[in-house]
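Here are the chains, one letter per residue:
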Amino acid sequence: MKCFSRYLPYLFRPPSTILSSTCHTEADIISTVEFNSTGELLATGDKGGRVVVFQREQESKTQPHRRGEYNVYSTFQSHEPEFDYLKSLEIEEKINKIKWLPQQNAAYFLLSTNDKTVKLWKISERDKRPEGYNLKDEDGRFRDPSTITSLRVPVLQPMDLMVEATARRVFSNAHTYHINSISVNSDLQTFISTDDLRVNLWNLEITDRSFNIVDIKPANMEELTEVITSAEFHPQQCHTFAYSSSKGSIRLCDMRQAALCDKHCKYFEEPEDPSTRSFFSEIISSISDVKFSHNGRYLMTRDYLTVKVWDLQMENKPLETYQVHDYLRGKLCSLYENDCIFDKFECVWNGSDSVIMTGSYNNFFRMFDRNTKRDVTLEASRENSKPRAILKPRKVCVGGKRRKDEISVDSLDFSKKILHTTWHPQENIIAVAATNNLYIFQDKVN
Amino acid sequence: MFPKGTKRKFSDAGEEAVGGGGGDQGPSAASSSSSSAAAARQSLLDMSLIKLQLCHMLVEPNLCRSVLIANTVRQIQEEMTQDGTWQIMTQALAAAQCPADRLVATEVLCRQTDPAAQAGQSPKPFSEAEQDHLRADSRTGEQVFGTFEIKHPAPPPDPALDELFSDVDPSYYDLDTVLTGMQSAPKMGPYDLLESLSSHGPTALSSSSSCRSDLNELDHIMEIIVGS
Chain A
1 MKCFSRYLPY LFRPPSTILS STCHTEADII STVEFNSTGE LLATGDKGGR
51 VVVFQREQES KTQPHRRGEY NVYSTFQSHE PEFDYLKSLE IEEKINKIKW
101 LPQQNAAYFL LSTNDKTVKL WKISERDKRP EGYNLKDEDG RFRDPSTITS
151 LRVPVLQPMD LMVEATARRV FSNAHTYHIN SISVNSDLQT FISTDDLRVN
201 LWNLEITDRS FNIVDIKPAN MEELTEVITS AEFHPQQCHT FAYSSSKGSI
251 RLCDMRQAAL CDKHCKYFEE PEDPSTRSFF SEIISSISDV KFSHNGRYLM
301 TRDYLTVKVW DLQMENKPLE TYQVHDYLRG KLCSLYENDC IFDKFECVWN
351 GSDSVIMTGS YNNFFRMFDR NTKRDVTLEA SRENSKPRAI LKPRKVCVGG
401 KRRKDEISVD SLDFSKKILH TTWHPQENII AVAATNNLYI FQDKVN
Chain B
447 MFPKGTKRKF SDAGEEAVGG GGGDQGPSAA SSSSSSAAAA RQSLLDMSLI
497 KLQLCHMLVE PNLCRSVLIA NTVRQIQEEM TQDGTWQIMT QALAAAQCPA
547 DRLVATEVLC RQTDPAAQAG QSPKPFSEAE QDHLRADSRT GEQVFGTFEI
597 KHPAPPPDPA LDELFSDVDP SYYDLDTVLT GMQSAPKMGP YDLLESLSSH
647 GPTALSSSSS CRSDLNELDH IMEIIVGS
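For the record, the sequence lines run as chains A and B.
Reminder that position 382 of the first sequence reads as 382 in the working numbering, one-by-one numbering, no gaps.
Here the working numbering = 1-based position in the second sequence + 446.
The shape of chain B in the complex, shown without the other chains:
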């Protein structure tokens, strides 16, 4: 696993390792190249998952691109499962008590792997949550690829409704939600996909990135309140 904040170069070690570079290296070089290959593979996995999340936010959502990235993630996951690193990573995530956004995102994508085979290899950390995932299965695939359908145009904003709520200050609600630590359930957006699958239950906050932004916002608001 990469510690956060470490800068890594893609173009050098990443290229050769991930690109399946030459196999005619000495044994000492082989071991270091295999660890750099594993690191490159991990960073490729991270990058791919971020791309998938951001797919929904593109001005021009592209189904072909999403499918190709999802296939790449599957490929990495299959290879990591074969050499055992997948199980290590999922257990490490469980131990670190991180919201398992990475884990669940790839769970979404890797439905076709036989769950029995996976379970047989090592004890699954979230066996109960697994079943929730499987139930949420049919929804998530739709969500990942379903948003590429061209929907009917949204109804035009109702001027009467707008007027009714025009004097309501929306920032008031943000303050409220942040301070009380709750989040209402907005319409399904890209990060909501991961939220809904979070194994920590429906009331848990979402992926770590929005955790961090919430904390920053909280700091900011506290400053205003305290009047510093």
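Just chain A, same shape as in the assembly:
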């Protein structure tokens, strides 16, 4: 890579278009984003239960600058609301997570889930249709058999490309509580779905049965003090998975040891620092996302103020801790009052596991280079994203004199939160969801 920025080895340029819905309603809020395993496709799910899949354009000699732009490929309604949207006891259609299956044939498969039901969707292309039936007209009307005097072989004729999404499996009725994550196993035959208290194992072919492999529901619900916040399969070891908790711990489980994986084989928790203890200590230690590195050697966790990288061989403390927005530490009471302290931020690795990224408030997102220890704050907003220009790093002023381009902590907009981001598996392309807008940034070499 020839160009180097001052902050990171990447320069991110905004796309020529920012993808967003024309009218901003609650249903358009993006609730999950995910690249597929090759990065050719990018899926987003929203609060209205829709999935929109983008496909990367092929390289073109005539328009080299358009290489790698993402365009809408397929849109479909994945989940429907099960009650009146305005009632309080509904099962929301909001898509909580999307996970792609690796491509095995011409069609694409993804799992999407709301609070209660996981669905397997097949997305396939149709660009030919048969013509020349013997018993049917071109209009589809049946011909009188007595008028047929000769036979012909129907031929496939090209047609306009049509992309269809069909629900191939519906995995339902296995969760009493709200599903927060799904993860496809490296064996490509099973997956897990996780709610607040249980983890269930499914076979992709079987929808009427699932196996409960983790259950932390106490016999007496009033003894409940901890919930599961996320779970993920190890990227290579098909018998290993990890789940995180609201108390800031991660458990690594081996499915070979017992049918019910209540006993972990590894337990990751950082001892609390007594000097920073407050009434909010537990809440800010609650892990909102857990992700294995691509090489399977590390785990990354996101809690309210930090991102931590754990070595799977070291359980007593994280390998690295990165401060996302430590200037919020003095504002925890206000953030508790307005509920922002419960926001669940996700985190993501780049393809080579050298850079990690997570979101923050004011449409800021942060990247940390694990090798150089440098970090950068970028903003996903229309005003600051002129096409083809380099994204300008942002800085939050924590006290004292505010410089010209800095923003003070009190001016941060807490309604603009970047909870969902994803990184292309091989290239430096990132997708960032800012409420109802999707930003795709690419690194371009000059």
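Simulated from the structure, these hints should not be mistaken for lab results.
Take these hints with a grain of salt, some might be off.
Claimed, not checked - Here are a few chain A residues that face chain B, going by a calculated C-beta distance under 10 Å:
(1) Leu197
(2) Glu337
(3) Ile341
Every residue gets a Cβ at the ideal spot worked out from N, C-alpha and C, and that includes glycine.
Position chain B against the provided structure of chain A, taking the given hints into account.
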């Protein structure tokens, strides 16, 4: 205890005190900071209890959030028990004859504290009611966290039943209940949780907030009746 109506700033004294702020202050500053810390802690407790009550009314009930808030309340209660302010507060509530909604709500949450130890520290104001609470125990935890279970969908409204009752004016019943001071037992809602645990007995009106709304409604209805 905070008098009602006092506006308090969270971001200044609240942040530092509740956040466990610096300990290197002079003695006079220490005493004032400890009282502001206690005040901040109290306001945090109030806020948390309100959040718990409202949990059930959210469009998207969140078990994780409720558990975290409940743990925070427990933590505050443990600390207040250790420095004796918990007992002072419960006695003050008893003396003020307020429906002990705060008290009972935290009673619900603080089951794991040893009741013997608590009883040993100071005379419990509602010892008989305690036993009722303990019996209601198994129900209340379920109620606090049980409503997060995804239930089967409610049966569709029966059109025949609807037609039968279509000419009944529901407001008539409200008027009746308000004027006679009784409340029928509706399905368990967020405030019913506190009602059922009220130490003043099952016929007592519910938490103070619905007391106030009932009074307002009564005023309004009286105006209509009197024709002013």
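**Violated constraints from the hint list, given by number and in increasing order** = none
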